[in-house]
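Start from the sequences and build out the full structure, keeping to the hints where you can.
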Amino acid sequence: MSGTTTISQSGNLAGLVTLQTSGSYVIEGNGVTVTTGPLLSIPAFDGFTVENGANLELGTGVVPGLFDTFTIASGGTLDVGSNLNLVSDISFAPNSSGGDLVLAPGVSPLLLSTVNGFTGGDSIDVQGAGAPLSPTSFTEFFTGLDTEFIVTLANGLPEVFALPGNLTSQPLKLAPDNAGGFTFTDTACFAAGTAILTTEGEVLVEHLTLGDTAVLADGATAEIKFIGRRHIDLRRHPRPETVRPVRIQPGALGGGLPARQLVLSPDHALFIDNLLVQAKDLIDNATIFQDNAVTEIEYFHVELPSHAILLAEGTPAESYLDTGNRGIFENGGEPILLHPDLMQTRREAESIAPLCKAGPTLTALRARLQSRTKKFGLAPLETLALSARTAGPQFGSHAITPVLNASREAIFAIPRGATELLITTPVFTPADFDPASTDRRKLGLAISAIIIDGQSQIPESLATSGLHPRASNDPHAWTTGALRLKLPAGAQRLTLQIAARPKNWHFNPKAA
28 MSGTTTISQS GNLAGLVTLQ TSGSYVIEGN GVTVTTGPLL SIPAFDGFTV
78 ENGANLELGT GVVPGLFDTF TIASGGTLDV GSNLNLVSDI SFAPNSSGGD
128 LVLAPGVSPL LLSTVNGFTG GDSIDVQGAG APLSPTSFTE FFTGLDTEFI
178 VTLANGLPEV FALPGNLTSQ PLKLAPDNAG GFTFTDTACF AAGTAILTTE
228 GEVLVEHLTL GDTAVLADGA TAEIKFIGRR HIDLRRHPRP ETVRPVRIQP
278 GALGGGLPAR QLVLSPDHAL FIDNLLVQAK DLIDNATIFQ DNAVTEIEYF
328 HVELPSHAIL LAEGTPAESY LDTGNRGIFE NGGEPILLHP DLMQTRREAE
378 SIAPLCKAGP TLTALRARLQ SRTKKFGLAP LETLALSART AGPQFGSHAI
428 TPVLNASREA IFAIPRGATE LLITTPVFTP ADFDPASTDR RKLGLAISAI
478 IIDGQSQIPE SLATSGLHPR ASNDPHAWTT GALRLKLPAG AQRLTLQIAA
528 RPKNWHFNPK AA
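Heads up, the sequence shown is in the numbering used here, so the first residue is 28 and it goes up one at a time.
Hints listed in this document are in silico derivations from the structure and should not be mistaken for laboratory results. The model shown is predicted, which means the values in this text are computed figures rather than measured ones. Among the clues, some could well be false.
To be verified - Computed spacing ranges between beta-carbons, pair by pair:
(1) P502 / T170: 44 to 50 angstroms
(2) A433 / V187: 45 to 51 angstroms
(3) T87 / R435: 36 to 42 angstroms
(4) A385 / L93: 42 to 48 angstroms
(5) R497 / R435: 17 to 23 angstroms
(6) P502 / D239: 54 to 60 angstroms
(7) L231 / A440: 56 to 62 angstroms
(8) A418 / A498: 29 to 35 angstroms
No residue lacks a Cβ here, since even glycine has one placed at the ideal position from N, Cα and C.
Next comes the structure, spelled out in structure tokens:
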């Protein structure tokens, strides 16, 4: 079976759909609960995504097939009632937040060592393990592959588990649940929290005071003469992508840097290879990414007597350079700009080092950093996810499952009366995978042709929305991830010839 089946009503999984090998199923809708029932055997290579307030309950005795996947997207809950086999994969969806994973009493927390993608707003509920001693009664350490947690329970006993990746700098907390256990949450709000090296040791930037002495990357020192503070509500900003924080994972820059997760404004520059490189120009959405979950952020900038290189989380990063934009700060002593850019191009002439924004030097640097993704167990993977819905006068909206063949074609049987087809896929950014690319478009499918009832059609002639303008000399039409096609009257069969599919970074421990 190929394609995606949407389940938007409660009931037993086996009674709602006919499970087949290589099936893809999305369970969605507030209050929708799908159960597996006792002793259900799921075919191999099936994929299940639960989202938007829905709950998938894997009951006691359920037997997943080889290489089945269970994905928790925003607002979804996965309730695991039995110890799944190790060839099944559970993950929180990338670029989403607010998913919940529940381990029923008796399910070993050791299962968590295979659960990927835990991030801001997500939670894990370990039922029956015992209540925690306090919200912070845990220790954590990064092994180089995963983060080991030792939770101290109210009865004084420890509970031990691990999650993939380095979570040691995330704002984590514990709380008792209503089932004799605890929830473990990566909170969605972020404290300023960046550690700056001073002569008194590392100090969080929000705790710095005027007159403190910063230790510079070259070993010199400089007195702090101004600390700028700016709170930004991303929900009200006209261009939030220009100020959305960039998160750099520990070790992503090489040489063990940053020592802990480093959070910067997109325009803030790091000092690499004797050049200044803005955080936004290093984004690969693997180990360096913008945080799409945060809704507000508070930035701090530290000004020294002259532009210099501080050490933030051990990483060389520029100090604030006053180029006439002091008014961006709430405490700057000048009128606050409503929606400022956090840096200005004037610094190119006044900064301590050249600013590298493009060209072969930046490409080589990005390639070097991207080669490190293998050390994190990350590898690019083409996604096969594709779903569609039909519509028409007095027809309503109905899910339709395409057949994917070996020729990279998606074939849709069009129900009578349908006049519109909406095809949705994940999206990717080419520059995230090609260090030489500057293409930051969000791309879905690359379509080489559309065939309706044996007649080839130009994609642009049918699309009412969802196509990017073709780049020069590009033989393919790229979708935006949501392609809406107008169907000719009486259309029965539509074939998409797919030249390329979206990619994502996939965690594969064998790649590390």
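Violations among the numbered hints, reported as their numbers in ascending order
none
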